[in-house]
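Heads up: the sequence lines are chains G and A, in that order.
Under our numbering, think of the first position of the first sequence as 180, with each following residue one higher.
Under our numbering, think of the first position of the second sequence as 17, with each following residue one higher.
To be clear, the hints were calculated from the coordinates, so they are not data collected in a lab.
Heads up, a few of these hints could be off.
As a list, the in silico BS3-like pairs of lysine-lysine whose alpha-carbon atoms are at most 30 Å apart [stated by the list, open to error]:
id : chain 1 : residue 1 : chain 2 : residue 2
1  : G       : K676      : A       : K276
2  : A       : K209      : G       : K830
3  : G       : K761      : A       : K253
4  : G       : K679      : A       : K276
5  : G       : K853      : G       : K884
6  : G       : K761      : A       : K276
7  : A       : K209      : G       : K853
8  : G       : K855      : A       : K253
Far from chain G, some chain A residues (derived; all Cβ distances over 12 Å) [what the hints assert, rightly or not]:
id : residue
9  : R187
10 : V189
11 : H192
12 : E193
13 : G221
14 : Q402
15 : D411
16 : T423
17 : K529
If we take Cβ atoms under 7 Å as the criterion, some of the chain G residues that face chain A in the derived model are [stated by the list, open to error]:
id : residue
18 : Q766
19 : Q768
20 : M769
21 : D774
22 : P805
Since the structure is predicted, the reported quantities are computational estimates derived from the model, not experimental observations.
All residues carry an ideal CB built from backbone N, CA and C; glycine is no exception.
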Amino acid sequence: MNLNQSAPPVPPFGQPQPAYLGHHQSSYGGQPGSTTAPTSYGAYNGPVPGYQQTPPPGVSRAPPSSGAPPASTAQGPCGQTAYGQFGQGDVQNGPSSTVQMQRLPGYQPFGSAILAPVVSQPAVLQPYGPPPTSAQVTAQLAGMQISGAVAPASPPSGLGYGPPTSLASASGSFPNSGLYGSYPQGQAPPLGQPQGHPGAQPPQRSVPLQASSFTPPASGGPRMPSMTGPLLPGQSFGGPPVSQPNHVSSPAPQVLPPGTQMTGPPGPPPPPMHSSQQPGYQLQQNGSYGPTRGPQSNYGSPYPGAAAFGSQPGPPQPLPPKRLDPDAIPSPIQVIEDDRNNRGSEPFVTGVRGQVPPLVTTNFLVKDQGNASPRYIRCTSYNIPCTSDMAKQAQVPLAAVIKPLARLPPEEASPYVVDHGESGPLRCNRCKAYMCPFMQFVEGGRRFQCCFCSCINDVPPQYFQHLDHTGKRVDAYDRPELSLGSYEFLATVDYCKNNKFPSPPAFIFMIDVSYNAIRSGLVRLLCEELKSLLDFLPSWVVEKVATVGNNVTFYREGGAEESAVRVGFVTYNKVLHFYNVKSSLAQPQMMVVSDVGDMFVPLLDGFLVNVNESQAVITSLLDQIPEMFADTRETETVFAPVIQAGMEALKAAECAGKLFLFHTSLPIAEAPGKLKNRDDRKLINTDKEKTLFQPQTGAYQTLAKECVAQGCCVDLFLFPNQYVDVATLSVVPQLTGGSVYKYACFQVENDQERFLSDLRRDVQKVVGFDAVMRVRTSTGIRAVDFFGAFYMSNTTDVELAGLDGDKTVTVEFKHDDRLNEESGALLQCALLYTSCAGQRRLRIHNLALNCCTQLADLYRNCETDTLINYMAKFAYRGVLNSPVKTVRDTLITQCAQILACYRKNCASPSSAGQLILPECMKLLPVYLNCVLKSDVLQPGAEVTTDDRAYVRQLVTSMDVAETNVFFYPRLLPLVRLSAGTKSPIENTTEPPAVRASEERLSNGDIYLLENGLNLFLWVGASVQQGVVQSLFGVSSFSQITSGLSVLPVLDNLLSKKVRGLIDSLRAQRSRYMKLIVVKQEDKLATLFKHFLVEDKSLSGGASYVDFLCHMHKEIRQLLS
Amino acid sequence: MATYLEFIQQNEERDGVRFSWNVWPSSRLEATRMVVPLACILTPLKERPDLPPVQYEPVLCSRPTCKAILNPLCQVDYRAKLWACNFCFQRNQFPPAYAGISEVNQPAELMPQFSTVEYVIQRGAQSPLIFLYVVDTCLEEDDLQALKESLQMSLSLLPPDAMVGLITFGRMVQVHELSCEGISKSYVFRGTKDLTAKQIQDMLGLTKPAMPVHPVRPAQPQEHPSISSRFLQPIHKIDMNLTDLLGELQRDPWPVPQGKRPLRSTGVALSIAVGLLEGTFPNTGARIMLFIGGPPTQGPGMVVGDELKVPIRSWHDIEKDNARFMKKATKHYEMLANRAAANGHCVDIYACALDQTGLLEMKCCTNLTGGHMVMGDSFNTSLFKQTFQRIFSKDFNGNFRMAFGATLEVKTSRELKVAGAIGPCVSLNVKGPCVSENELGVGGTSQWKICGLDPTSTLGIYFEIVNQHNAPIPQGGRGAIQFVTHYQHSSTQRRIRVTTIARNWADAQSQLKHIEAAFDQEAAAVLMARLGVFRAESEEGPDVLRWLDRQLIRLFMFHLRRSPFLQVFNNSPDESSYYRHHFARQDLTQSLIMIQPILYSYSFHGPPEPVLLDSSSILADRILLMDTFFQIVIYLGETIAQWQKAGYQDMPEYENFKHLLQAPLDDAQEILHARFPMPRYVSTEHGGSQARFLLSKVNPSQTHNNLYAWGQETGAPILTDDVSLQVFMDHLKKLAVSSAC
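Just chain G, same shape as in the assembly:
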């Protein structure tokens, strides 16, 4: 940031560009043929080549990583120790329960990179290459710092800004131009500096941070201390302190990873180049480190360094490039990798209050020891400020992202089902909280104190049990509700609608048979599929596991039996056709209801049937539907009456259920809920833009309300050829906990697989019906706001007509009193629902959080991914009521306030020009930027109104993992698969991702990009022919069909591997991702570039670097 700020930059800028070009070439071209490398680079290049040797960056990394360890060892004691610790930390993270430790590790990777330069310069260098490299690195660092310094020089103020703007203009051409341009120069300086650094190696760390530490003394001085103090210091910024703990435990091997990471940044040839900016970057990192670091004081020192930078204006100028080095700024990839390495190996045990779980991108197992698994609940912060003042000051939203019916990996057992017999689950008399492990038994076990409201309740005789010497019930471990974070109760009749046990739910398939649907082949395809799909309806059977005491039985989800779900069929265009498929009929009966204005269900008996019993009739029906309408000319459709009909059918059958609607067009036929085409792109960026997201008519809300009352969940599959007003059509699915799937311009050949796959999953997935969710909290905080796909008729109960394992509810909390550090804060999420078998159940999730009186604790226990999930949902809801610009500004402001608060209260004092990010939030800017430039908040020209509305509602119920990848797509280099050292077949894991920037694309490589909804295969123009041949079965790049959606099945390793990878990626997502093959420089490439979120977007979204600068400026404004 500093960089940006640096006033001087401007001039530098101009220069940079040319330099940049050169640089750019060198870096990128480097591989292909970086003919024109600035002389200054020469040195630099030197190293680069070394790296480059292995074209793919990954490769380069590898070596470094390996090198790293030695390096660390080589390093001075401090550094080494630090390093070692790091490594350990990483390793240990898993085991170590302390949040901080864990954090650090994650952090460390990052830090490590930085550190590398500083502390372990040798090490770093070594990996890369001999001393020179190290020198370079340092140099780069220095450069960065310098730039940073520069920034300070031209202080904060406009500079930061100026640059960006200028950049923007400069960059008009695209990506690199401005920003990158600066790089080269930056690098140049580094080069020079490196040398200086070597000398100051010890201080290096400080140097990096300080950018320039430039002045060894200053920076070095301070840092040293800090570093020395704790081993961490070495990591210094990296959150050494924290990390250290982790590190400590971490075994050497892990060290390596850190090293890798460290090297990572430098590793890739380009990075080094950028490194010039790194300084600034580092600062950030440092910043982040700082925060993370326990010792802020350390920070302080680093900062000074920064200050020094500021003073260093001089140097920067010489190093005109003020651009931040993209490699220096916090890298999501790095963070993810680090967390994976550090925390992926050990199970996450939930016994301890307030632990921050591993990132969503990390594969880990969970052991429930009293708190709900992070798969069920994730919080923005696991340490809540004790007072609302603190919370207000920090501006960190306190929110939990709850996925009550989340699917668990096979290794983890689903929650126990507890049957308390007729008395039902035990609850607090006052606040009605359910029995949970946090309840305190007193008076020898005769009473218990509610952990939420402190009310003392009697223990009913049949539940009585003696306490042991620690005050725990003797049977605590025999009872899930006393020992686990998540479990279920069988509900008694009191928990049922109308005091009647529910009947099993029903699925109604409602198929548009208008001209469009028939012509596209949809109806035929769908009917064909349903014939087999219906044999796989969800069943949810419980098995008795054990019986304890009186009437207490545990069950567990068990084997599948015949599904209890009944099915019904409706087709429609302008009118509705119901089908009687009673098993006793010789042939199905069709009943047409034309009175769409006043919908009703024409039959009772025979509409909803058991699939097995009516198999023959259903098959006959599905055979005939496509035939019956084959000649249809009807193009108009209705919509609201269709939902109404389904809902009425469920009402008549007195059961809950789900409607599967397959719809093609804007419902313009005369009927309630009739819509008109109101798509008006001119509204974009006006105050009326919000109307594009609002439903056209209130009729759908009313309808949705009725649906919810009936437990009627609506899943909508859209197949539009043009505008269908998704904003309005999705209202009912949205409010009933349903899903919307959209297949624009559906063609059977191209989209069949995606649609069928989604359909299968959607039909088979386990759903809870007619659900009510309530989140109870201990005194002091209160759930005040809810986001997701549901309906609320009051302020506390989340009503869900249906809830499946993919749906998430985000809950925001606010203080209404003081919290107590001792007792922490408790959440209990209770979900009352009807299972697919028609059983009424209560699912309980408990989670205990820490409370803090120090803001630093808050910042140390945050989770950025969750935060982004919350902020995105908040913003996406905001667009309904406010102009998009306001929403964007609000987000930026809030983010700036969060960071400024940190800077002000937690970071050690330092130059105002230095951007300091909390370790846990160092990715906040990049992710936030992704949110800001998402289609909803900043639509590009090719994004339709429907797309925006679609995405808007999708995001509303996404969980953290989905938002994470949705906003920051994964970009996986592929050729490495075949060219790597390991055999592609054996190496089944995914290749490490690279950052989503065009800069990272090598035209000799092939990449997969996925964001949970889209999947691209990007083929570089100069990819080896052999690769092309083995993947696509054609002989040259030019013969590859652009837009291809299926890879040919070829019998070679690469092909198998890639297809395997694609399959595994798809398996990870709740929706099938259709593959699109994009050729470099092809017309589809524009579309692809849209997903390279670190770059400037065509629609005006800022690049990561620019945005970071902007953030910094905002923060500084807040601070000043």
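For this one, chain G is given, so just place chain A on it according to the hints.
Just chain A now, kept in the frame of chain G:
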């Protein structure tokens, strides 16, 4: 006066017409003094096996306001090939086809014996017969089963090219599409919502001609390429389909909670049926056959709510203005009836239930369109089954005894005007020179529409003599009336039947005797009774009686006064409607039976003999057979009953007793065989509960009040407070003498 009697009978047989007066008073003044108006009973399609239809079209008078049809009364100038209209005196040229006409070569319509001629119209598309079944599914299982069988049976009776359609209803109304293979389709309507014809047609997809029924397949040769083909199909095409469909028909599946009536959407179902035909076959003969097993309980046309604790309206409720649905329902059905009538469609109602089914409200549907109304206890009775079967009975030519979409036009000579008609018809509102300003029955027009009629359908037509007293008619002058009935024959031909009659004028002062002698008491009775019933439908009962009493004093009136046509006591509103319905359409003989039931007595003393409809006729050693038109009652006297119980009839030596028992049964069978609708057949004995049918009809000459006064004479005392004929007559005599009336 044997000649007059013969004349009357001859006329009736030839023309199906009986006049109250067969010599007409020549002025208005005189006519009004006659009390009984000049009127006639007309059976337009009286079966005439001896009358072959002529295969050409009638010749019309060229005067646009007249258009009378050439008839034997016209003066013909054979040489000039001219004829003079006997109604307007217009001279007309014969058309070219009559070029060869001469005294010896006359067309049929000029021959005096052909006062009634039937023409067959050759041009114009022939439209098939259309039968639309509207079936209530809220029935008991066996009732529904019986009905289904009857319906399936009826399919076999229909001509192969007849079009059929099916609508079923219960809580919802389903219009079945008959053309589909592999899947049975139906359009479903909510039973609670009144829809306009336009809406119904929209919803059935009838309004969009673009709807391609068979866009690709070669269009089948079909007389009616109409869009309606989905719902109305020639029977030969969908015979199997429809049979299966009927076979699979289930009871209305919606649960009926305890204490509730099933929800029955009769009003909407009928509305849809009318709307469907209106949209597809306007002005084509069609029959909507509505089968109901209970009252409409929801939606427009509902007659009673679904709460069983609230009984259906009775006369008592109606008098106290306590029938909350009646007016609205009546309005609904009247609206439907008028629409159906306007399109030439007739509506039959077959109501089979133990309780009332709302015939009171629905009666207009049959009364205005000429449809049948059949009332029974269950579809699973021979009464219904045979009645229904009889609908499809055929005449000597193998054609159905039914005709559709008829218009009856009446033309009169100048001295006369037509005042109205009473019968299963609606006014076409055609004002003309021969329309009287005074209305009797449905008046104000010279044309009526009769959507459905059969050979027995009979109308009462009332005239007014308008000739002024001071404009005497020349001696020997004759008044003429021409009845022109256009109709669709069941063989799908369009036909015109023309009946032209003439009667002598007589001056009431000078020739009163002639007039008196030419009075047809029976016709007059029926005509007056029709007037009475017509009034009873629209006015309060007592007022009608008073009016009738004022009008005439005749024997039959005693029974008419007691008949269910005027008295509602002891009858439900539905029954009253039912009886009146039939009274207004049956011919003279049947009408007379209705007014004064026939009682035959069987005994060992001689052949069966008609006896007085009097309690004194009820004797212990007699068997009585009473025919009230609606009921056939066989009553065994006390002794006979005892003998029968003792089993004498089974003993060979008492074979004569067996024959005695059998005789009335045979006679009853004969009556049953010919009657439509099937009468209720009651076999009872002295003291039997069913004997009430007899006891309620006979003149209570012996009651518990006067029993002893009459000594130990034979006969059975009737427990009633009704006055006997004797008392009635005494009272009348007194009145006749004392009052100026």
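Here's how the hints hold up against the structure:
Distance hint between K676(G) and K276(A) is fulfilled; the C-alpha atoms sit about 25 Å from each other, no more than 30 Å. For the given pair, K209(A) sits about 20 Å from K830(G) by alpha-carbon distance, which is consistent with the 30 Å threshold. Between K761(G) and K253(A) the CA atoms are separated by roughly 27 Å; this keeps the pair inside 30 Å, and the hint holds. Among the hinted pairs, K679(G) with K276(A) is consistent with the structure: their alpha-carbon atoms are about 23 Å apart, no more than 30 Å.
Taking the CA atoms of K853(G) and K884(G), the gap is about 18 Å. The hint holds against a cut of 30 Å. Among the hinted pairs, K761(G) with K276(A) is consistent with the structure: their alpha-carbon atoms are about 27 Å apart, no more than 30 Å. Only pairs whose Cα atoms come within 30 Å are accepted, and K209(A) paired with K853(G) is accepted, the gap being roughly 21 Å. Pair hint K855(G) plus K253(A) does not hold up; C-alpha atoms about 44 Å apart against a cutoff of 30 Å.
At roughly 9 Å, the least C-beta separation between R187(A) and chain G is not larger than 12 Å, which violates its mark as non-interface. Residue-level check failed: V189(A) sits 9 Å from the nearest beta carbon of chain G, not beyond 12 Å. The claim that H192(A) is not at the interface with chain G is violated, since a C-beta of that chain comes within 12 Å of its own (minimum 9 Å). Against chain G, the non-interface label of E193(A) is violated: not every CB pair exceeds 12 Å, the least being about 8 Å.
Listed as a non-interface residue, G221(A) fails to keep its Cβ farther than 12 Å from every Cβ of chain G; the least gap is roughly 7 Å. Separation of Q402(A) from chain G is adequate, the least Cβ-Cβ distance of about 32 Å exceeding the 12 Å criterion. With a closest Cβ-Cβ approach of about 39 Å to chain G, D411(A) is found to remain outside the 12 Å limit, as its non-interface label requires. Against chain G, the non-interface label of T423(A) holds: every CB pair exceeds 12 Å, the least being about 35 Å.
Listed as a non-interface residue, K529(A) keeps its Cβ farther than 12 Å from every Cβ of chain G; the least gap is roughly 70 Å. The criterion of a C-beta within 7 Å of any C-beta in chain A is met by Q766(G), whose closest approach is roughly 6 Å, and the hint holds. Interface restraint check for Q768(G): the shortest CB-CB distance to chain A comes to about 5 Å, inside 7 Å, so the restraint holds. At about 4 Å, the closest approach between the beta carbon of M769(G) and any beta carbon in chain A falls short of 7 Å, and the interface hint on this residue holds.
Contact between D774(G) and chain A, as hinted, is supported at the beta carbon level, the nearest pair being about 6 Å apart and thus within 7 Å. A cut of 7 Å between beta carbons decides the hint on P805(G): the least distance to chain A is about 12 Å, and the hint is violated.
Violated hints, in rising order: 8, 9, 10, 11, 12, 13 and 22; the structure is consistent with all others.
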